[in-house]
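Kindly generate the complete structure, drawing on both the sequences and the hints.
Those sequence lines, one after another, are chains A and B.
Sequential numbering from 1 applies to the first sequence in the numbering used here.
Sequential numbering from 1001 applies to the second sequence in the numbering used here.
No wet-lab data here; the hints were simulated from the structure.
Wrong hints could be hidden among the right ones.
Listed below are the simulated SDA-like cross-link pairs for lysine to any residue, each with C-alpha atoms no more than 25 angstroms apart in a straight line [as the list claims (entries may be wrong)]:
#1 A/K102 x B/G1092
#2 A/K102 x B/A1075
#3 A/K102 x B/V1111
#4 A/K102 x B/A1076
#5 A/K102 x B/A1226
#6 A/K102 x B/A1062
#7 A/K102 x B/R1063
#8 A/K102 x B/E1080
#9 A/K102 x B/L1059
#10 A/K102 x B/R1093
#11 A/K102 x B/A1023
#12 A/K102 x B/V1118
#13 A/K102 x B/E1083
#14 A/K152 x A/A307
If you want the ones that stay clear, here's a sample from chain A, every Cβ over 10 angstroms from chain B, calculated [to be verified]:
#15 P17
#16 A87
#17 G138
#18 R180
#19 D198
#20 L253
#21 S311
A quick note: this is a predicted structure, and the numbers were derived from the prediction, not measured.
We put the CB at the ideal spot given by N, CA and C, even for glycine.
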Amino acid sequence: MIRLARGLGALLALTLPFWLANPYFLHVVIMAGIFGVLALSLNLLLGYTGQLSLGHAAFFGIGAYTSALLTLRLEWSFWLALPGAVALTALAGWLIGRLALKLRGAYFVLVTISFAGVISLVSVNWMELTNGPLGLPGVPAPELGPWSLRAKSAYYYLVLAGVALSYLVCARLVGSRIGRAFLALRENEPLAESVGVDVTHYLVLAAVVSAGLAGLAGGLYAHYTRFVSPEVFLFTYTVTMVVMVVAGGKGTLAGPLVGALLFTALPEALRLATSWQWQMLAYGVLLVLLVFFLPRGIVPALAAWRARRAS
Amino acid sequence: MTAPEGGPLLRVEELHAAYGPVAALRGLDLTVGQGELVCLIGANGAGKTSTLRAISGLLPAARGRILFDGRPIHAAEPAEILEAGIAHCPEGRRVFPYLTVQENLEMGAYVRRDRHAVAEDLERVCTHFPILAERRRQMAGTLSGGEQQMLAIARALMARPRLILFDEPSLGLAPTLVETTFEIIADIRRRGTTVLMVEQNAYGALRMADRGYVMETGRIVLAGPARALLDDDHVRRAYLGG
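Okay, structure coming up:
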């Protein structure tokens, strides 16, 4: 049953541009994919190690700016610039991890918020590099051999590949010894230490991978919208990621993707259904209801429901 | 003090350790002989937990030495100390609540690389604690207090330790379970694993131990055979309630 659903989902995902040619819907799906990568990234920290990064938009933004600048200023190919963006954000993740994860908890939250604030200010004020608030227009669309991936239907597949790659990275990591260590230190840190888990080491590792994935999302975003401005550092992005992870089900692999799809589509659906004054209100009410009735998130609730039916 | 039989497995010399500016251990000396069951008693804040944390590498030693089997371990990482053969059963929440019983046991062997031997040990532990075998796929958080304690002890055994450090094994358990827990610990020692135990329940601990140490403000103030400590006036007054 679950296998059938998975196969059907994969088939739908792979053929989507053929039956959903409408560019507006395609745009929503592409954004859901980019947010899916971001939610997977945040989930690695929040869901698996229990550390809340409230500056995750910083990693997203650094990825976007790095990839854009590498292609614009150094004229790197997109296929080199994107890994470059991932590498630089992973480095930033390492730095923040080393700085903040010795203390963790509330300190980590504060350090990540401040980090995002500082990076955002840099993006506004370092005119020579970032062009300040005017942003960087004309970020090139990726090319694959003779083809440009500028068309939404083509870019969709690139984002889909990014989502699949991020999912695989998370799944491999979580399923390994390392993932077991993540869970152990989230559940009972003193006990994890006592069985030989080097807590700081693993938290930094989680921060590095998480930041790298957020950088991947940033790169994908930059070459999709083909314009990068300090807006990428908005706190709203971080909040959206947290909502997606928590509502979808933190600490599950599918949860962040479900959350990303739902919370990218929901505001759009509400825009169609109601007038703008009511849109955010309805969004808020739905969110409260969701958290109230499914406090552990959609995916764990579904899993619990299936387990109940099976027994 | 009687000389520990077979030479000391663990020797702590002049150990100093602190949490930031607060000194926890001020020149601690103790030894644990091969095959012994030694208990450490003392009031809250005397430094009993800190002693165990320092031995297992979780609290860095500022001064002094810790020798395990003759080799210095006071500068080693917790994982290295565990690999050398010292397992630590910390106080407080004893299990990983959202991992299954089996996963909890596997975490005990986290630093071990010999997977086949770990799988064998898992079976052995399950035969030894049938209640855990029954609950193998259950979340550890759903176990009763006594079962969680059993799981914690079994998890420590999964590291194949030569020395186990128990921190307050009876804390928060019903009186009958305290008895069971002490029996399990005595049994572990009978099977050849050396035990160093910290206990609030001084009477119960001293009754089963070979030797005992009394700690006050970061150092040992009294040491001797457990029987002798049970009869000691100071110990009776301060720790045994008359």
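Evaluated hints:
Our distance criterion of 25 angstroms between C-alpha atoms is met by A/K102 and B/G1092, whose separation comes to about 22 angstroms. Proposed proximity of A/K102 and B/A1075 is supported: the alpha carbons are some 19 angstroms apart, at most 25 angstroms. Among the hinted pairs, A/K102 with B/V1111 is consistent with the structure: their alpha-carbon atoms are about 22 angstroms apart, no more than 25 angstroms. Note on A/K102 and B/A1076: the hinted pairing holds, with a Cα-Cα distance of about 19 angstroms set against a maximum of 25 angstroms.
A distance of roughly 41 angstroms separates the Cα atoms of A/K102 and B/A1226; the hinted pair therefore is violated under the 25 angstroms criterion. For the hint pairing A/K102 with B/A1062, the CA-to-CA distance comes to about 20 angstroms; that is within 25 angstroms, so the pair holds. A threshold of 25 angstroms between alpha carbons decides the hint, and for A/K102 with B/R1063 the separation of about 23 angstroms falls inside it, so the pair holds. Between A/K102 and B/E1080, the direct Cα distance comes to roughly 20 angstroms. Compliance with the 25 angstroms bound is thereby established for this hinted pair.
Taken as a hint, the A/K102 and B/L1059 pair is honoured in the structure, with Cα atoms around 15 angstroms apart against an allowance of 25 angstroms. The suggested pairing of A/K102 with B/R1093 holds, with an alpha-carbon distance near 22 angstroms, which does not exceed 25 angstroms. With a C-alpha separation of about 21 angstroms, the suggested pairing of A/K102 with B/A1023 holds against the 25 angstroms cut-off. Restraint check for A/K102 and B/V1118: the C-alpha separation of about 31 angstroms exceeds 25 angstroms, so the hint is violated.
This hinted pair checks out: A/K102 and B/E1083 have alpha carbons roughly 24 angstroms apart, not beyond 25 angstroms. Distance restraint check for A/K152 and A/A307: the Cα-Cα separation of roughly 39 angstroms exceeds the 25 angstroms cut-off, and the hinted pair is therefore not satisfied. Distance to chain B confirms A/P17 as a non-interface residue, since its nearest Cβ pair spans about 40 angstroms, more than 10 angstroms. For A/A87, the shortest C-beta to C-beta distance to chain B comes to about 29 angstroms, beyond the 10 angstroms cut-off, and the non-interface label holds.
The claim that A/G138 is not at the interface with chain B holds, since no C-beta of that chain comes within 10 angstroms of its own (minimum 49 angstroms). The non-interface label for A/R180 is inconsistent with chain B: the shortest C-beta to C-beta separation is roughly 7 angstroms, within 10 angstroms. Not every CB of chain B is more than 10 angstroms from the CB of A/D198 (nearest about 6 angstroms), against its label as outside the interface. Listed as a non-interface residue, A/L253 keeps its Cβ farther than 10 angstroms from every Cβ of chain B; the least gap is roughly 16 angstroms.
Non-interface call for A/S311 relative to chain B: holds, since the shortest CB-CB distance, roughly 13 angstroms, exceeds 10 angstroms.
In this structure, the hints that do not hold are numbers 5, 12, 14, 18, 19, in rising order.
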